[in-house]
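Residue numbers (our numbering), protein chains in the order written: chain A, 1 to 113; chain B, 1 to 114.
Read the hints as simulated data drawn from the structure, not as lab findings.
Where is the CB? At the ideal position from N, CA and C, for every residue including glycine.
Treat the hints with care, as some may be off.
[Claimed, not checked] Distance ranges between label pairs, derived from CB positions:
1. A/106 with B/61: 37 to 47 Å
2. B/51 with A/22: 28 to 38 Å
3. B/18 with A/17: 41 to 51 Å
4. A/57 with B/31: 18 to 28 Å
5. B/111 with A/111: 23 to 33 Å
6. B/56 with A/53: 40 to 50 Å
7. B/55 with A/71: 17 to 27 Å
8. B/51 with A/111: 34 to 44 Å
9. A/79 with B/20: 42 to 52 Å
10. A/40 with B/56: 28 to 38 Å
11. B/20 with A/109: 30 to 40 Å
12. B/68 with A/26: 36 to 46 Å
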Amino acid sequence: DAGITQSPRHKVTETGTPVTLRCHQTENHRYMYWYRQDPGHGLRLIHYSYGVKDTDKGEVSDGYSVSRSKTEDFLLTLESATSSQTSVYFCAISESSTLGEQFFGPGTRLTVL
Amino acid sequence: GESVGLHLPTLSVQEGDNSIINCAYSNSASDYFIWYKQESGKGPQFIIDIRSNMDKRQGQRVTVLLNKTVKHLSLQIAATQPGDSAVYFCAENRRNNAGNMLTFGGGTRLMVKP
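When you get a sec, could you build the whole thing from the sequences and use the hints?
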């Protein structure tokens with residue numbers, strides 16, 4: 001998975017609790033992304049980062065926040081988890097700001113009860 | 001809005017046959033396309049890409065064709081093997097000042113029959 005790890009790999013939590021997912025890369029890539037994957041929707045971008053402390057919203061950012069204090073770490077926080085945020089979350093990294101593929105992590109399966 | 005989509009959600013092929021997975025896109029400004037393969041329980045894995053100034057690109061057993069006139073992308077897998085069974089996604093790249101942004105289609109499941 002191109003030097004990308006995600007933690008935890010599985011999590012079950014209750015509605016209303018905050019949850020933080022971590023993405024860690026060893027590739028020193030500048031760009032990092034958080035996606036969610038749901039049946040029938042494919043992969044949808046939540047937030048992305050184009051450098052340390054530089055982040056922006058994606059397609060489905062409501063209810064999520066991110067932080068990037070170091071090149072290698074990109075954190076996704078669900079401020080108050082809801083059942084609609086039950087999903088599989090993928091982190092991706094990219095080296096280039098122009099054309100180039102994104103490399104994906106193994107994913108985190110989150111269940112909100 | 002503009003989006004990337006797929007015609008067939010499930011494709012079943014016989015082992016050894018060729019597979020063709022299709023994708024339609026609507027954003028004529030997209031300049032780069034990627035095919036990903038996703039096996040159960042894993043993250044998407046890069047297969048092949050193509051830039052908008054090309055109409056064909058070949059890899060190992062895979063070929064991507066791009067028809068900009070009709071905004072159509074296809075992935076051809078030669079001599080399909082059981083290990084090719086997975087979900088395949090096309091993605092289009094749209095550049096902005098923050099990097100390359102990928103928009104994914106809904107995916108096609110490829111099932112290979114022995």
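Range hint 23 to 33 Å: satisfied by the CB atoms of residue 111 of chain B and residue 111 of chain A? 27 Å, holds
A range of 41 to 51 Å was offered for this pair. Does it hold for the Cβ distance of residue 18 of chain B and residue 17 of chain A? Given about 49 Å between the Cβ atoms, the range holds.
CB of residue 106 of chain A to CB of residue 61 of chain B, is that within 37 to 47 Å? 25 Å, violated
Range agreement (Cβ of residue 22 of chain A with Cβ of residue 51 of chain B, hint 28 to 38 Å): Holds - the Cβ-Cβ distance for residue 51 of chain B and residue 22 of chain A, about 34 Å, lies within 28 to 38 Å.
Residue 51 of chain B paired with residue 111 of chain A, Cβ distance criterion 34 to 44 Å: With Cβ atoms ~40 Å apart, the hint holds.
With respect to the beta-carbon atoms only, verify the hint that residue 57 of chain A and residue 31 of chain B lie 18 to 28 Å apart. Given about 22 Å between the Cβ atoms, the range holds.
With respect to the beta-carbon atoms only, verify the hint that residue 40 of chain A and residue 56 of chain B lie 28 to 38 Å apart. 31 Å, holds
Is the hinted range of 40 to 50 Å satisfied by the C-beta distance from residue 56 of chain B to residue 53 of chain A? 42 Å, holds
Is it true that the C-beta distance of residue 20 of chain B to residue 109 of chain A lies inside 30 to 40 Å, as the hint says? 32 Å, holds
At the C-beta level, are residue 68 of chain B and residue 26 of chain A separated by a distance inside 36 to 46 Å? 37 Å, holds
Consistency of beta-carbon spacing, residue 20 of chain B to residue 79 of chain A, with hint 42 to 52 Å: 44 Å, holds
So does residue 55 of chain B sit 17 to 27 Å from residue 71 of chain A, Cβ to Cβ? Distance hint for residue 55 of chain B, residue 71 of chain A is violated at roughly 37 Å.
Violated hints for the displayed structure, listed by number in ascending order: 1 and 7.
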